[in-house]
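Could you slot chain B onto chain A? The hints should help.
Protein sequence lines, in the order shown, are assigned to chains A and B. Quick note on numbering: UniProt numbering labels position 403 of the first sequence as 403, and the sequence is numbered without any gaps. Quick note on numbering: UniProt numbering labels position 368 of the second sequence as 368, and the sequence is numbered without any gaps.
Source of the hints: derived by calculation from the structure; they are not laboratory data. Incorrect hints may appear among the rest.
[Claimed, not checked] If you want the footprint, here are the derived chain A segments under chain B, 3+ residues with CB under 8 Å:
hint, region
1, 8 to 19
2, 300 to 308
3, 407 to 416
4, 456 to 462
[To be verified] Short, incomplete list of chain B residues facing chain A, as computed with Cβ under 8 Å:
hint, residue
5, A239
6, P264
7, A267
8, G280
9, L282
10, M294
11, R309
12, R372
13, G375
Glycine is no exception: its CB is placed at the ideal position from the N, C-alpha and C atoms.
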Amino acid sequence: MSAFIDPYSVGGKTPEIAEHAAVLVIGAGDTGMAAAIDAARSGTRTVLIDEHPLDPSLFGLDVPFHFGQRANGSVQNQGRALDQIARSRSRLDEAFEAGVDVRLGVTAWAGFVNGPTAHGLPKPVIALADLNRSWLMSFDKLIVAAGRRDLGFAFPGWELPGVMGAAALHALIHRYHAFAGRRILVLGGGRLGFGTALDARREGFDVAAIVEAAPAFSAPKDMIEAAETAGIALHAASTIARAEGSAAGIGRAHVVALDDALAPIAGSERTIDCDTICLALGAVPNIELLDQLGCKLTYRANQGGHVPLLTPDGKTSLQGVFAIGDCAGIASDEDGPQRLQTWTRAALAVGGLDVAVCQCEEVTRRDLLEVRPPRYLDRDSAGLRARNLQTLLADGPVNQDQIKRLTRAGMGTCQGRRCREQVTALLALAGGIAPEAVPLPSYRAPLRPLPLSVLRDGHEHPGMRSGWDVWFGIDGQFDPYWTIER
Amino acid sequence: MTAMKGAQVVIVGGGVTGLSAGWWLARLGAEVLVLEKGIVGWEASGRNGGGASHSFSPLFLEEQRLWPQMDELLGYPTEFQPYRVRIGLTEENMAMFKRQMAIAARQGFKADVLTPDQVRELVPLAGDNVIGGAFYHYGGHANPQRTVQAYAWALQDRGGRILQHCAVTGFLTRGGRVTGVATDRGEFGCDNLVIAAGPQLGQIAAQLGAEVPVAPARAEMIVTEPLPLMKHGGTDGNALYGRQTLRGNLVFGGGPHEWLEEAPPGARAATTPLTRNLAGRLLELFPKAAHVRMIRSWAGIVENTPDGRPILDRLKTYPNAVVATMSSIGFGLSPASGRAIAELVLRGHCDFADLTSCRLDRFANLDPDWRRDRGWIQADAPTSAPAQA
Chain A
1 MSAFIDPYSV GGKTPEIAEH AAVLVIGAGD TGMAAAIDAA RSGTRTVLID
51 EHPLDPSLFG LDVPFHFGQR ANGSVQNQGR ALDQIARSRS RLDEAFEAGV
101 DVRLGVTAWA GFVNGPTAHG LPKPVIALAD LNRSWLMSFD KLIVAAGRRD
151 LGFAFPGWEL PGVMGAAALH ALIHRYHAFA GRRILVLGGG RLGFGTALDA
201 RREGFDVAAI VEAAPAFSAP KDMIEAAETA GIALHAASTI ARAEGSAAGI
251 GRAHVVALDD ALAPIAGSER TIDCDTICLA LGAVPNIELL DQLGCKLTYR
301 ANQGGHVPLL TPDGKTSLQG VFAIGDCAGI ASDEDGPQRL QTWTRAALAV
351 GGLDVAVCQC EEVTRRDLLE VRPPRYLDRD SAGLRARNLQ TLLADGPVNQ
401 DQIKRLTRAG MGTCQGRRCR EQVTALLALA GGIAPEAVPL PSYRAPLRPL
451 PLSVLRDGHE HPGMRSGWDV WFGIDGQFDP YWTIER
Chain B
1 MTAMKGAQVV IVGGGVTGLS AGWWLARLGA EVLVLEKGIV GWEASGRNGG
51 GASHSFSPLF LEEQRLWPQM DELLGYPTEF QPYRVRIGLT EENMAMFKRQ
101 MAIAARQGFK ADVLTPDQVR ELVPLAGDNV IGGAFYHYGG HANPQRTVQA
151 YAWALQDRGG RILQHCAVTG FLTRGGRVTG VATDRGEFGC DNLVIAAGPQ
201 LGQIAAQLGA EVPVAPARAE MIVTEPLPLM KHGGTDGNAL YGRQTLRGNL
251 VFGGGPHEWL EEAPPGARAA TTPLTRNLAG RLLELFPKAA HVRMIRSWAG
301 IVENTPDGRP ILDRLKTYPN AVVATMSSIG FGLSPASGRA IAELVLRGHC
351 DFADLTSCRL DRFANLDPDW RRDRGWIQAD APTSAPAQA
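Bound-form chain A, shown alone (with noise of 0.2 Å):
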């Protein structure tokens, strides 16, 4: 039996579903590599998908990476691209001789699954996009080994051109052979950065310092010693205050020692010549996939942030969904959000407050702590001036969405991606409470800014068409009022 549907609902207007694969794996790093080997030599109908080479316009607008401008022109060309990715991926011949589906330069941009609010679906399905289009495919088991990202760091100067951050820097030398600079300022003086600065000189790149807010070096002995024996300057107890340059680039930056308390000492500025600087106090699990889905997350310092609950065998809460690799946690140390913490504290003790934290936006610290809408707006009104971040508070506890819908902060084109943990510091900071406490901003869909010739559904079911109203379709919704009868 089968009851009258609504025309202008949903139902019935199943979208199509272009593809199935049994096991659909997003990522081909190591992890998300031997994943699908290992599905197709089960005898698995096995797809691997990974977004490199990517789309050329998305290295500008710094996603997935913040690439700072320093990927050079070569990355425009897509032949020369798809062989540089093609090359770095070392088991790729591997995986076609067991028979795994890959796809390169195709990103998911989306899931969808059904659940308490949406229920339309026979499948679940990932979504996903090329150059020129969009489609959607279905899985049995889908595995998300979708690495990690750059955690940002504001400081004056930060959005000028060579400001970039290490999972940026890495892709750049290692799997596009694109980085246009030259000499190579580090922050961060964990294992990563001391990894960063160590890979880059092995690259033939200068390295001129590896700073650290932090009082020590936090990376292994064997690893500060290479950096020493390399003559890397190396600077503890200090902190960026500004990076200067031109419209071409960075030229230098100046650093200043820090006391016990992460304030400023006078007269300890030095400057350091280089034409880059890498951010590299940690890196976030690319979790964005996970958390549009629905997946379950955890907080998890130690690991890089909020990471997806899973059991032993990598399953998250989704059935069906498994996360693997650096997406499922980062063993970090002491990078990631608590050297954020650190390196925040110390932001805001050398006058940092005036530094815009999301550049899409243009939001201040200062922005953020005080609740102020963009410039666009009237931002002096008696009101405004006496609502800040503690008088939000008063209502209730902070919540990074709501901060965003009032100051504007991770609502630009990179989606959050370079401000989105500087903002949970900060809120952390002036909240009195752990980064962990302050709800993660969700992630939506696309994951990736698609142009809309991309996105739209090029299959669309004629149903969409004929049921299609700008509202509702409600009868009479739109009558005038004094028509209607008493």
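Okay, now just chain B, sitting in the frame of chain A:
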């Protein structure tokens, strides 16, 4: 402050309707407490197009009178911008605009029909597929999320209180009056009650023995990256509603909704592949925006009454209780709906608008199967053939 005290008027629901009512009540000198289960403006109020040109509504005149003054009245920015441009791609679109123009004209508001060239001149993103348009010399649009917070702050500035993260569990009654509200954070006494609980309205009103028919549904919106500002941000059409924000983002929604058996309180409303259909529609509306990137989407749960019209009325059984739902069209009318509710509470009737069409008793003889009759039922997943390998 440890002891939580009640108020002259307790409002259940910190959405745009409840907050506006609270603000108006506080303006009129009443002592107000708003109880919100989550964060103000988090559900339906956080998900709408921000438009303000509802010529069919008895609250239209007041809506038009108030919006241009709201920033000043509230003391906080709402991002209100006047006027509305409508782009017609089909005869059907044009017929709708003309019908709306006639309804507005009868109430004294002016609008012009636009030629395709005039549309393209006003809207640089429009294309050759335009067959005409309309310019409303009234209406406008504002930022829903900022406006909700503006109501909340303005209400507090007038001495009202808002308690967030406080869920209502029941009511205290005596002698045909509601005397208090029971919550998970204690009881709050009241002289008057307003229930403006959006998708949860039906369940909450049922606790007072009142049958308030509302059906929850999920609807979706998309947002693009910022673009240079067009002359008028309130520009829509092609059966989409929405606007260009003052920041330059295109924010649009429309199309199929999904009826839900119930509105799960606090659940993050899911977006679905409908996002792609919205992208396609927006591309038809603005062909020159093909390269523009969508950066975000979101969904919300809104409620509708059986005839799609508001219920703004006192309960017969408990006359000191007012129920309020705008039936999914609450944001734009909120400056006026709040005032109407305040008058219902304090005077028992609304002086400035005819709320006859908003009375609850029009549903007195409603068929219990009304949702099924209308096909407003949850669309369960189609039974699919086994997946093709």
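Which of the listed hints are broken here?
-> Hint check: 2 fails alone, others pass.
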